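Asker: So the sequences go chain by chain: A and B. At position 244 of the first sequence the residue is numbered 243 (numbering that gives the first Met the number 0), and the sequence of numbers has no breaks. At position 138 of the second sequence the residue is numbered 137 (numbering that gives the first Met the number 0), and the sequence of numbers has no breaks.
Hint data in this document are derived by calculation from the structure and do not stem from the laboratory. Quantities reported herein were computed from a predicted structural model and do not represent experimental measurements. Note that the Cβ used here is the ideal one computed from N, Cα and C, for glycine as well.
With a straight-line Cα cutoff of 25 Å, these simulated SDA-like cross-link-like pairs (lysine to any residue) come out:
1. A:K182 with B:D55
2. B:K203 with B:R216
3. B:K203 with B:G164
4. A:K182 with B:P95
5. A:K182 with B:V59
Computed beta-carbon distance windows for the label pairs:
6. B:S147 with A:I70: 40 to 48 Å
7. B:S324 with A:E75: 20 to 28 Å
8. B:S324 with A:N232: 49 to 57 Å
9. A:I70 with B:S30: 41 to 49 Å
10. B:L13 with A:D53: 47 to 55 Å
11. A:N103 with B:A43: 52 to 60 Å
12. B:R111 with A:I70: 32 to 40 Å
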Amino acid sequence: MERGNPTGRPIVFAHGFGCDQSMWRYVWPSFADDRRVILFDHPGAGHVSVDDFDFDRYRSLGGYARDVVDICDALELQDVDFVGHSVSGMIGLLAGIERPDLFNSLVMIGPSPRYLNDDNGYVGGFEPADIEALLDSMDSNYLGWSAQMAPVIMGNRDRPELGDELTDTFCRADPAISRHFAKVTFLSDNRGDLARLTVPSLIMQCSDDVIAPGSVGDYVHRNVPGSTLVQLNATGHCPNLSAPAETTAVIQAFLAA
Amino acid sequence: MTAARPTDSAEELLDGAPCGYISTLPDGTISTVTRAFEALTGFAREVLVGRVRLRDLLPVTDRIYHETHYLPLLLSHGAAHEIASNLVRSDGTLVPVFLSSVLVRDDDGEPRSIRTVVFPATDRRLYEQEILRTQRGHEDIALQLQQSLLAGDLPQADEVDLDVGYQPGVTRLEVGGDWYDAFWIEPGVSMALVVGDVVGRGLKAAIAMGQLRSATRAFASTGLDPAGVLRALDRYSIAYGVGEMTTIVYAELTLASRALRYACAGHPPPLLAAPGRVPTYLFEARSMPIASWDTLHRTSASVELEPGATVLLYTDGLVEHPSRSIAAGMEALLQIVGKRAGETPQQLGRAIRDELRTPDYHDDTCLVIAQLEPGS
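Hey, can you work out the whole structure from these sequences and the hints?
Answerer: In structure tokens form, the structure reads like this:
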């Protein structure tokens with residue numbers, strides 16, 4: 000979806016696992032005056048049709064990164080500022096490595112190149128058993144079930160009454176694809192890619208973030224050449240919703256620099 | 000009519016509410032709890048208030064969901080209703096709950112607190128698990144039915160080596176109506192090779208597949224040529240309302256003459272690989288799917304196979320893939336078969352499955368490979 004000033008320099012916002020482009024609802028309007036604002040949903044999120052989801056293409060974050068490049072190319076964007084929340088930070092990083100020519104800068108909010116702890120002292124924040132439990136729970140589908148986040152009922156075309164009530168829900172997602180996205184996200188390991196980024200980058204690290212702890216933000220900063228690290232006062236994993244003013248100010252200051 | 004006198008003070012009404020009710024700061028730190036919340040969690044309010052955040056009471060799995068789904072919803076919409084979660088009690092056990100929250104903002108619009116009611120959901124969770132088990136059971140039945148329908152001995156002959164295979168898609172929901180078959184039309188003289196694809200998924204498709212598969216066997220034994228078998232299937236499908244729009248490739252191999260007669264109803268063409276030649280597709284005798292709008296023009300075609308020739312029948316799941324066109328998939332299949340001349344049907348089948356399919360391939364696929372013995 001395109002907003003803002005069509006002749007302005009493009010800025011692309013990418014949402015993370017668990018939500019859709021409405022994550023940016025308090026942020027993008029601040030850029031609308033002079034920037035061409037591009038918002039999109041990853042497949043399976045928001046209103047992206049999932050009948051023909053390609054599990055093969057999206058077997059790793061590389062597939063999601065290819066989408067970013069494809070979107071930029073399809074819209075003939077140049078000089079893009081890319082803002083990725085959560086896993087979309089790494090997705091943006093991969094896109095930036097593949098096509099440095101497309102991007103002016105990369106902003107990563109709460110990025111993590113590896114969510115699992117390992118034996119060599121890396122602390123990602125999660126044990127493999129945690130993620131196994133997450134995927135199991137998503138399988139049994141009890142997690143996240145609510146009328147508001149109601150999953151698109153896939154394969155239940157004979158029960159249209161379930162689907163009709165689900166219009167205009169927030170952060171709705173196809174359960175099978177969400178699970179796939181969770182698996183790809185939480186089992187990804189992009190630590191080896193960090194050093195390959197040549198696009199100028201900003202890491203925005205929240206306080207007290209259980210998904211991407213401070214030590215992970217430091218790790219990303221240490222390993223991405225020339226990156227800038229900003230510690231936010233905002234707590235939690237979603238400063239774009241909990242502290243949009245601070246989030247916007249930090250992004251704008253970085254882009255103006 | 001007299002106005003009812005309040006029976007509870009507001010404070011007592013709140014603290015004695017029949018569900019857990021808490022208030023937290025925007026960062027999740029618990030600031031107020033009710034008696035029911037203490038009872039539910041086993042923690043006294045002195046332990047909780049000002050010291051514990053709501054997320055600290057969640058197991059890791061729910062914590063991830065809390066951060067990635069619940070809070071975004073709450074912060075964005077100001078409310079989140081009936082979110083399934085678990086709480087870790089003071090004794091370490093889990094209690095399933097539903098959470099409903101509203102976000103309270105101050106005059107400047109900044110989040111001030113979050114009010115959350117907490118309903119125990121143990122019984123409801125059990126019901127849900129029961130429903131889930133039932134649904135899984137249906138999926139298992141469909142898969143078992145399909146596998147039992149496809150089981151059975153292949154015809155044995157010195158002149159021809161056979162391999163067949165079925166692979167379900169990545170999720171169990173994808174159990175579909177694909178089938179393969181190989182059987183004697185006349186023992187020792189001619190055999191039928193069949194691959195078909197019934198529209199739809201699940202139990203219904205599996206049942207329709209079983210019916211069409213049996214019907215095909217029955218019609219094949221009556222001396223009909225391939226086009227005649229397809230016409231009989233049209234009549235059967237229309238008469239009994241079974242398997243409309245099924246696609247099928249039916250081929251009949253006569254061992255002595257090495258003649259292959261075949262017909263395709265809306266199905267991908269058979270692949271023919273002869274020793275020393277580039278593999279090709281057999282593009283003749285094509286017509287519409289079974290019981291579709293045009294069933295009048297069924298035709299058969301015939302080709303004489305060379306010694307050592309390999310014929311391959313398959314369902315579209317093998318060559319069709321969202322990331323590439325069917326044409327590209329068919330080209331890939333040609334390449335694989337072309338570079339594996341001389342391999343047995345079993346080796347070839349394995350190579351095709353390994354190279355064309357990926358671990359998370361979502362469509363089911365069927366494959367029949369027949370290879371004539373090399374000439375002496």
